[in-house]
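So the chains spell out like this:
There are 2 protein chains.
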Amino acid sequence: NVNKGSMNGAGNLMDFLDEPFPDVSTYEDFHTIDWLREKSRDTDRHRKITSKSKESLWELIKSLLDAWSGWVVMLLIGLLSGTLAGVIDLAVDWMTDLKEGVCLSAFWYSHEQCCWTSNETTFDDRDKCPQWQKWAELMTGHAEVELPAFTGSGAYVLNYFLYILWALLFSFLAVSLVRVFAPYACGSGIPEIKTILSGFIIRGYLGKWTLLIKTVTLVLAVSSGLSLGKEGPLVHVACCCGNLFCSLFSKYSKNEGKRREVLSAAAAAGVSVAFGAPIGGVLFSLEEVSYYFPLKTLWRSFFAALVAAFTLRSINPFGNSRLVLFYVEYHTPWYMAELVPFILLGVFGGLWGTLFIRANIAWCRRRKTTQLGKYPVLEVIAVTGITALLAYPNPYTRRSTSELISELFNDCGALESSQLCDYVNNPNMSRPVDDIPDRPAGPGVYNALWQLTLALIFKIVITIFTFGMKIPSGLFIPSMAVGAIAGRIVGIAVEQMAYHHHDWIIFKNWCRPGADCVTPGLYAMVGAAACLGGVTRMTVSLVVIMFELTGGLEYIVPLMAAAVTSKWVADAFGKEGIYESHILLNGYPYLDVRDEFTHRTLATDVMRPRRNDPPLAVLTQDSTTVEDVETLIKDTDYNGFPVVVSRESERLIGFVQRRDLTLAIKNARQKQDGVVSSSVVYFTEDAPQLPASNPQPLKLRRILNLSPFTVTDHTPMETVVDIFRKLGLRQCLVTRSGRLLGIITKKDVLRHMAQMMNQDPESIMFN
Amino acid sequence: NVNKGSMNGAGNLMDFLDEPFPDVSTYEDFHTIDWLREKSRDTDRHRKITSKSKESLWELIKSLLDAWSGWVVMLLIGLLSGTLAGVIDLAVDWMTDLKEGVCLSAFWYSHEQCCWTSNETTFDDRDKCPQWQKWAELMTGHAEVELPAFTGSGAYVLNYFLYILWALLFSFLAVSLVRVFAPYACGSGIPEIKTILSGFIIRGYLGKWTLLIKTVTLVLAVSSGLSLGKEGPLVHVACCCGNLFCSLFSKYSKNEGKRREVLSAAAAAGVSVAFGAPIGGVLFSLEEVSYYFPLKTLWRSFFAALVAAFTLRSINPFGNSRLVLFYVEYHTPWYMAELVPFILLGVFGGLWGTLFIRANIAWCRRRKTTQLGKYPVLEVIAVTGITALLAYPNPYTRRSTSELISELFNDCGALESSQLCDYVNNPNMSRPVDDIPDRPAGPGVYNALWQLTLALIFKIVITIFTFGMKIPSGLFIPSMAVGAIAGRIVGIAVEQMAYHHHDWIIFKNWCRPGADCVTPGLYAMVGAAACLGGVTRMTVSLVVIMFELTGGLEYIVPLMAAAVTSKWVADAFGKEGIYESHILLNGYPYLDVRDEFTHRTLATDVMRPRRNDPPLAVLTQDSTTVEDVETLIKDTDYNGFPVVVSRESERLIGFVQRRDLTLAIKNARQKQDGVVSSSVVYFTEDAPQLPASNPQPLKLRRILNLSPFTVTDHTPMETVVDIFRKLGLRQCLVTRSGRLLGIITKKDVLRHMAQMMNQDPESIMFN
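These protein sequence lines are chains A and B, in that order. According to my numbering, the first sequence is numbered sequentially starting from 1. According to my numbering, the second sequence is numbered sequentially starting from 1.
Please note: incorrect hints may appear among the correct ones.
As the list claims (entries may be wrong) - Lysine-lysine pairs mimicking DSBU-like chemistry, simulated, CA-CA at most 35 Å apart: (1) B:Lys575 with A:Lys62; (2) B:Lys666 with B:Lys368; (3) A:Lys52 with B:Lys699; (4) B:Lys699 with A:Lys747; (5) B:Lys666 with B:Lys747; (6) A:Lys48 with B:Lys726; (7) A:Lys726 with B:Lys747; (8) A:Lys726 with B:Lys666; (9) B:Lys699 with B:Lys671; (10) B:Lys747 with A:Lys48; (11) B:Lys747 with B:Lys368; (12) B:Lys726 with A:Lys747; (13) B:Lys62 with B:Lys52; (14) B:Lys296 with A:Lys62; (15) A:Lys48 with B:Lys575; (16) A:Lys747 with B:Lys54; (17) B:Lys699 with B:Lys48; (18) B:Lys374 with A:Lys575; (19) B:Lys747 with A:Lys52; (20) B:Lys671 with A:Lys726; (21) A:Lys575 with B:Lys666; (22) B:Lys726 with B:Lys575.
Keep in mind the hints are simulated off the structure, nothing from the lab.
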């Protein structure tokens with residue numbers, strides 16, 4: 001008798017309603033899902049399959065396929081997102097170079113591929129191969145003479161002009177495609193994905209068109225030379241892949257809760273290919289984007305992330321069998337005293353994070369509220385023009401940001417031909433690569449320092465205006481670039497200080513003359529971690545991603561010191577990272593798991609109806625007519641109504657969803673004879689005793705949720721918030737000694753939290 | 001007015017009760033904590049400190065110290081557990097060698113240290129240095145002649161005898177110390193730590209004595225040569241450190257919820273030093289042992305794990321600047337076709353896991369229920385004797401298990417002098433180390449294969465009887481040893497097959513003659529991962545730990561394939577891993593987050609009172625006398641009582657803890673005049689109107705929890721289980737239309753789950 005009575009459970013009623021109206025989806029757009037209900041529906045489905053599987057061999061096979069479908073989806077996500085990442089990398093590489101010139105032997109070769117295949121003789125000449133021609137050279141036959149910036153020859157000016165033209169073309173294409181075909185393809189996508197994973201519905205955000213257009217426009221946007229990265233959008237692309245493959249299996253396509261498990265794993269795969277860091281990707285998904293992350297998802301995310309990483313590796317877009325351009329291995333240890341500059345870089349990262357978030361949010365709010373927002377194409381064109389105009393003269397901003405980061409991270413080996421490695425007495429190749437002692441900086445390094453400083457200011461300013469435009473734009477790469485530039489500058493300064501002042505007390509112990517004690521590349525990496533941490537407030541995942549970018553465990557401590565400092569400094573100015581700020585800006589109903597709610601309010605302070613409000617809209621179990629219900633549905637826009645024994649006793653018996661009620665009455669009016677406007681709707685188990693003259697009553701107990709979630713009016717709000725978070729509720733009823741007093745919805749909770757934090761409660765827009 | 005009225009919240013009442021009886025702790029031994037209450041108490045404490053911090057500078061400093069105490073505790077845990085791990089490593093090294101001989105130059109040197117300092121001339125002679133003397137040599141002056149096993153000379157027999165004697169001495173000391181000083185120091189500790197972290201109280205389990213005795217006896221137990229490892233117990237040791245440092249800060253010592261956050265991080269530090277894998281440690285804590293793991297804990301765990309790893313590295317117990325003996329770097333890639341043997345190893349691991357768990361649980365149950373359990377010392381002595389007797393003749397079981405694993409993992413380089421690397425045509429050192437082609441096996445390899453097979457059978461059998469004895473014993477190392485032996489055997493077989501059959505279709509594509517295509521060491525590592533996975537059912541953390549033991553990302557796929565297969569095979573025979581099995585065996589109230597509850601039962605089927613039971617013990621809000629309450633407390637052993645408006649209406653108004661009730665009445669009887677047995681206890685806001693002749697009433701509203709957790713009787717049990725898990729409840733009240741029907745405790749839930757899985761519900765012993 002343990003199994004009796006569950007026909008009335010919340011799970012089953014869906015079957016009845018889903019089948020007659022297959023085209024009506026369970027949740028409306030821009031609404032919040034009910035996690036408990038989704039879970040219970042999935043358990044029901046699972047039970048049905050398990051019990052059927054004993055009936056025949058075919059059913060058994062079907063149940064096995066169902067059990068395996070999760071792994072199949074993960075495999076497909078890994079394969080597709082790895083492939084897309086590889087294609088994007090290759091295309092960006094080619095199109096970035098196309099702005100400067102073309103390969104004569106095969107126009108689809110990028111600069112490096114072109115020169116690599118044409119001559120492999122000497123390493124230094126790699127960049128000057130006859131097959132690769134700049135546009136001016138190709139058109140006029142005259143090679144450009146490399147002159148100081150802003151004084152260029154005719155060929156220089158022509159190249160400059162064509163560079164800007166290509167950039168404008170790319171960005172115009174990008175913004176137009178986004179506007180015409182998939183408006184959701186713009187931005188980084190991570191704020192929205194966080195919101196979706198927390199249980200919000202945004203139809204089409206992860207659709208096929210978004211996937212296609214985002215992939216294409218991402219290539220265009222990155223190639224146009226704007227200060228943006230492909231890492232954040234890759235997470236969006238991977239989640240679109242996840243959503244696409246969900247539709248193959250009804251287990252995932254019909255259950256919003258299960259679908260989100262897949263999306264969490266897809267986000268991990270996205271970060272995995274963006275940074276070549278599968279473990280970091282899983283931790284990113286866990287720490288940063290996911291909301292409900294069952295342990296099963298952890299394992300599957302890891303699988304998807306690995307498949308994606310290996311798919312990308314087999315495509316090998318950079319020709320070095322690494323997954324990212326800026327993979328480095330350092331060989332010299334760091335010293336305790338270096339923690340001081342590392343922590344200073346952390347402080348810089350925190351300040352940058354605060355500045356960026358405040359300025360960017362202010363600019364985005366201006367875009368939302370003023371005329372500016374009405375001309376997105378013009379805005380993109382203008383920013384691209386300014387970016388290209390200012391970027392071209394400086395060699396550090398002209399190239400792609402990934403290449404810049406890669407050069408800044410790299411230690412100066414004997415083979416390095418970069419300006420940054422122009423040290424006096426550059427030893428020849430007779431010495432091993434990883435043991436070059438500290439040396440005085442040559443003129444190239446001083447020149448590079450100036451250019452880097454200009455690049456730093458330029459990047460800081462332009463990134464603020466770029467992030468949030470109507471094109472795909474990630475901010476991992478620009479943030480990392482800012483940090484890497486600052487870090488490299490600090491690194492060179494410390495190195496030169498150590499070289500010139502061997503006798504200072506702080507250098508005496510670890511930096512003998514002729515020793516290789518300071519690695520400026522490591523400073524660049526630490527700076528990049530600090531700036532990224534300041535903007536996103538990632539912690540463990542940041543350190544693990546950076547760890548996977550470097551050789552060994554050795555360098556975790558500097559990275560961690562910088563990440564911790566940067567987070568503390570940035571948190572001191574404001575708790576929200578850039579993604580949470582954008583969520584707030586857009587008014588999404590996101591209940592952050594990390595915000596501690598510490599106020600002393602009670603459920604009674606938050607519930608509605610407030611004092612002086614009209615009483616709560618309720619149904620009674622056996623005295624409401626069909627007409628009453630229809631009026632109530634018409635007059636209100638609530639998502640559901642509590643059902644009470646009677647208006648006098650106010651004793652709660654259940655909760656009925658607006659959608660179920662509408663469908664049930666529509667259905668009954670069409671198919672059930674005798675149901676008219678004056679029919680009594682009853683939710684009790686047995687029909688009420690009515691005179692024979694009355695019209696036939698309508699029994700609706702099957703759509704009644706008999707286990708609505710309740711709290712008492714004295715429950716502290718911190719507990720209520722905890723319950724909403726952990727159980728993923730949409731609404732919760734408030735009672736006192738069994739009497740129904742009111743209702744608290746997720747929106748009420750969010751508004752109350754905003755109010756307590758002195759924010760505008762009306763900014764929470766959706767329910 | 002939002003802040004009004006919260007004085008009645010559940011959080012505040014504690015302050016009132018805690019202060020007069022400081023020696024009474026909040027929870028009794030072997031009881032479950034209430035996570036929501038702990039959380040709410042901590043928020044209260046935090047609020048108090050925040051509001052006080054505005055009063056004076058001193059209070060501000062105190063509040064800052066409080067905010068930083070979490071990081072301080074983590075730092076201390078990392079330092080102490082890293083140090084202890086280093087000391088344990090050094091001591092085990094020395095004492096393991098002490099069984100065979102002694103260093104003449106300094107008796108506290110282990111064999112390797114002794115020979116390393118005495119001569120560094122040739123690498124081959126390292127094991128044969130004059131300073132290190134075996135016991136027989138020292139006592140008789142005659143060196144042992146190495147003869148085939150079981151035919152030994154006099155010196156051999158003497159060494160054999162002394163080896164057994166030392167082993168017996170060590171294990172006798174270990175078991176005696178455990179029995180006399182700290183009975184909780186036995187076993188691996190992980191099942192109990194899982195239970196404690198899920199919210200159970202076991203006083204003294206993480207105490208100072210346990211820490212001290214476990215550290216000492218762990219060294220003795222490992223040195224005695226028994227088939228056990230130090231990895232699991234290190235987690236226990238680290239958790240003891242965590243508990244120790246909790247007592248320094250009232251924030252952690254007085255709040256069982258906060259304390260568990262620290263313990264989760266300590267577990268991560270423990271695994272970090274056990275395997276030299278900080279990221280793996282954090283994931284182990286997250287996946288395997290922790291229950292509530294807020295994101296803040298993730299970051300702190302990572303910090304503690306890193307500090308512990310760096311402390312251990314600075315101690316450098318193995319002299320190779322690695323954290324574990326069996327760190328390896330492979331240089332040859334693996335090939336797709338090798339996945340077949342890897343998956344076979346996974347199947348072996350799964351079967352081993354099933355066999356081990358079933359056999360070990362059967363044996364432990366026998367120990368619990370028969371006479372066997374009464375002679376733990378004798379049991380340990382007997383098993384040690386048998387182990388030493390059988391282990392000595394075989395060189396692979398004579399040495400410590402870590403060394404064995406290390407040798408099996410290692411690839412045969414040119415410098416390797418091991419029997420396992422005795423290949424024909426061993427090339428000289430002229431070739432680089434990492435490019436030795438596949439070669440035919442020499443007689444040494446065949447000899448080693450036989451000895452390894454014997455060692456495998458021996459380890460499989462003896463580990464079953466060893467794990468669970470009354471000494472500290474981990475099973476990571478024995479499991480890994482079983483897998484490594486099996487893996488190495490398979491690896492050598494594949495290697496020889498590939499060498500002798502280059503023309504077979506499966507080898508043709510990737511294994512040309514003279515190429516180095518099969519790495520037997522990698523097979524050993526894959527086998528170790530598979531066996532460890534089969535026993536513990538770890539997934540992500542297992543792969544990440546193994547990843548941190550090897551050089552690169554390259555080898556994750558084989559490890560993952562084996563881990564997945566092993567988990568699936570083992571899960572097919574039974575869902576529980578060894579730790580869950582031991583939890584079940586001991587009847588701890590552990591609500592596994594991973595078990596899916598899929599039955600169709602409702603809350604009404606589980607709640608008490610059952611049909612035919614006496615009615616629920618309740619208090620009324622204004623009609624119970626002090627005497628009634630005292631009788632109720634005396635007659636029942638419930639942890640708390642629901643309070644209703646009246647017995648007729650049965651409308652619930654709150655829940656009162658047994659302990660609070662007892663204390664409040666005791667307090668009132670002592671201090672409050674006029675409170676006698678016939679005084680009315682009232683829980684309403686205003687005193688009831690009583691005739692003047694009646695004794696003074698006792699107002700107890702302040703100890704009433706006005707927000708007890710309720711569900712309706714129609715709530716599906718899957719939802720109830722979910723709520724218990726996610727919110728960490730102790731009990732939940734069941735109502736129907738506002739009327740109180742019954743109560744469900746955590747024990748009821750566990751019993752119901754056991755019943756549904758056809759297990760004995762009476763095995764759940766604690767509440």
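Here's how the hints hold up against the structure:
| no. | hint | result |
| --- | --- | --- |
| 1 | B:Lys575 with A:Lys62 | holds (22 Å) |
| 2 | B:Lys666 with B:Lys368 | violated (41 Å) |
| 3 | A:Lys52 with B:Lys699 | violated (59 Å) |
| 4 | B:Lys699 with A:Lys747 | violated (38 Å) |
| 5 | B:Lys666 with B:Lys747 | holds (29 Å) |
| 6 | A:Lys48 with B:Lys726 | holds (26 Å) |
| 7 | A:Lys726 with B:Lys747 | holds (22 Å) |
| 8 | A:Lys726 with B:Lys666 | violated (38 Å) |
| 9 | B:Lys699 with B:Lys671 | holds (14 Å) |
| 10 | B:Lys747 with A:Lys48 | holds (29 Å) |
| 11 | B:Lys747 with B:Lys368 | holds (22 Å) |
| 12 | B:Lys726 with A:Lys747 | holds (22 Å) |
| 13 | B:Lys62 with B:Lys52 | holds (10 Å) |
| 14 | B:Lys296 with A:Lys62 | violated (42 Å) |
| 15 | A:Lys48 with B:Lys575 | holds (21 Å) |
| 16 | A:Lys747 with B:Lys54 | holds (32 Å) |
| 17 | B:Lys699 with B:Lys48 | holds (26 Å) |
| 18 | B:Lys374 with A:Lys575 | violated (58 Å) |
| 19 | B:Lys747 with A:Lys52 | holds (32 Å) |
| 20 | B:Lys671 with A:Lys726 | violated (43 Å) |
| 21 | A:Lys575 with B:Lys666 | violated (47 Å) |
| 22 | B:Lys726 with B:Lys575 | holds (21 Å) |
Of the numbered hints stated above, those contradicted by the structure are hints 2, 3, 4, 8, 14, 18, 20, 21, listed in ascending order.
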